[in-house]
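Trainee: Now for the letters of each chain:
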Amino acid sequence: MNILHVLFKTSIGKKVAMAVTGFILFGFVIGHLSGNLQIFAHPDKINGYAHLLESLGPALWVIRLFLIVTVVVHIWVAVQLTFENRAARPDGYQKQITLRATLASRYMRWSGFVVLAFIVYHILHFTVRVTHGPGAYPMTVLADGTVVRDVHSMMVLGFQNPLLATCYLISVGLLSWHLRHGLVSMFQSIGLRTRPWSRFLERVSVIFCVLYFLGNALIVVAAMTGQIRIQNPLVAGYACRDACDVCGAINTEAIVENVDVAKDNQS
Amino acid sequence: MNVKLRVWRQKNNDTEGGFENYEAKDLNPNMSFLEMLDVVNENLTDDGSDPIAFAYDCREGICGTCSCMIDGKPHGPETGVATCQTYMRSFKDGDTITVEPFKAKAFPIVKDLVTDREAFDKIQQAGGFVSVRTGAAPDANAIPIGKDIADLAMDAAACIGCGACVAACKNSSAMLFVSAKAGQLNLLPQGQPEKDTRVLNMVASMDEAGFGNCTNQYECSAACPKLISEEFFSKLNRDYMKASVKTLFKAKAL
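These protein sequence lines are chains A and B, in that order.
If you read the first sequence in the working numbering, its first letter stands for residue 2, the second for the next number, and so on.
If you read the second sequence in the working numbering, its first letter stands for residue -4, the second for the next number, and so on.
To be clear, the hints were calculated from the coordinates, so they are not data collected in a lab.
Any given hint could turn out to be false.
What the hints assert, rightly or not - Dumping the calculated DMTMM-like pairs for lysine to aspartate or glutamate here, alpha-carbon to alpha-carbon at most 20 Å:
hint, chain 1, residue 1, chain 2, residue 2
1, A, 96, B, 45
2, B, 100, B, 88
3, A, 10, B, 202
4, B, 100, A, 203
5, A, 10, B, 203
6, B, 6, B, 45
Using the sequences provided together with the hints, build the complete structure.
Mentor: In structure tokens, the structure reads:
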């Protein structure tokens, strides 16, 4: 029997396909959050990290393609399953009560839709960089003089917008909710939710989802309350004092000069 | 006690069905739900109308013939019992009770509250058995089986094949039935030789019958008159993937 046939044509195989792609995407969002949390360190940290990712070149595209394929498979199989499930009961009941299904499990499709819409916007916002005009995508220089995208300022600018911050919190909340059912389900679907640890798995999944949400919310709250501020003088509109060695950063002129030189080199 | 009934009436699978209202009067609260239907049917027959068709056999909760979605839950409001052991004392005087047949594409309606659950028989025929030599009965305990395994296999074997799992599932998935029937044999030494073909064939038969897919909400387990655990799915999923991967690498027979 062909393994592709099993994964995409049989009921249990499709659930396994959902579980495996779900697990990859879960790994991705955890990695993404870990990256984001670097915003609490010096701006050079997250800017340098973003630069490192961008400079991966072809490898970055391999990773991106892999993730896109994973998302497409996850959605495609979900759509297939939904249509099959609807066809399995053409005429519904007049009255049916819910016995033990969790709310998260009953609204997986809706939380999934919102998260998908969010991902599309998020990519347009930060990867394609077309949603907010050139002012929202500043450059800066690292301590070693490399000119890089100022992701730190991009994030803080984004979260200072109350509408964006609210939408972000809702989307991340729904993603955590989606994972609350998805995490336990993926273990069940590949047959690893066994009696000795099923309760433990359930509890740990809930804790994980709450922590995931709080981790993301922490960044939003910190940006909105001014705990993390824009530190790029070009964006903030103020200059650092010359010869100040509090943070060792370079003054406005130095940044402007470096960015100009970089632009000249590019053109 | 008196209750009002809203019962699904349908001549056969080719005609449209609809609800009819009936009143059941002067009931003894200790009547079973099926006995209450008997009383209603007796009155209907006396009036010269068609009695309500419903499925039953043993009326002691072990044959799996009785069905019915009663007030939105298979087998009625109580936990862990079949319709035949649901008693009128579980309802209040003056209640309106909605009674529908089990509904699924794989369970076509025969008449009124009777559905054809032959799809389950086909799944069983696909792999819900062990092939043994006939002859003298083997010695008891000739094959040692641990108590925990024996207990677990017994839990799965409690399935009476009534179809409440399919009826309760919003996707009409038969996973609880298949996982119990396959699991009971796959847990025991006697079931090992045919383990892989069993899961592959039973799942193929389940898919072919038009049952939906599991969403891991476990409504089935809550509705099951034998309260069979959803943990058997996990075993079925594991056994199924193992069998699929093994088939991929297995040498072909000469």
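Trainee: For each hint, tell me whether it holds in the structure or not.
Mentor: These are the hints, each one checked on the structure:
1. Distance hint between residue 96/A and residue 45/B is unfulfilled; the C-alpha atoms sit about 24 Å from each other, more than 20 Å.
2. Distance hint between residue 100/B and residue 88/B is unfulfilled; the C-alpha atoms sit about 35 Å from each other, more than 20 Å.
3. For the proposed pair residue 10/A and residue 202/B, the alpha carbon gap of about 9 Å is at most 20 Å, so the pair holds.
4. For the given pair, residue 100/B sits about 33 Å from residue 203/A by alpha-carbon distance, which is inconsistent with the 20 Å threshold.
5. Straight-line distance between C-alpha atoms of residue 10/A and residue 203/B comes to about 11 Å, which keeps the hinted pair within the 20 Å bound.
6. Among the hinted pairs, residue 6/B with residue 45/B is consistent with the structure: their alpha-carbon atoms are about 10 Å apart, no more than 20 Å.
In this structure, the hints that do not hold are numbers 1, 2 and 4, in rising order.
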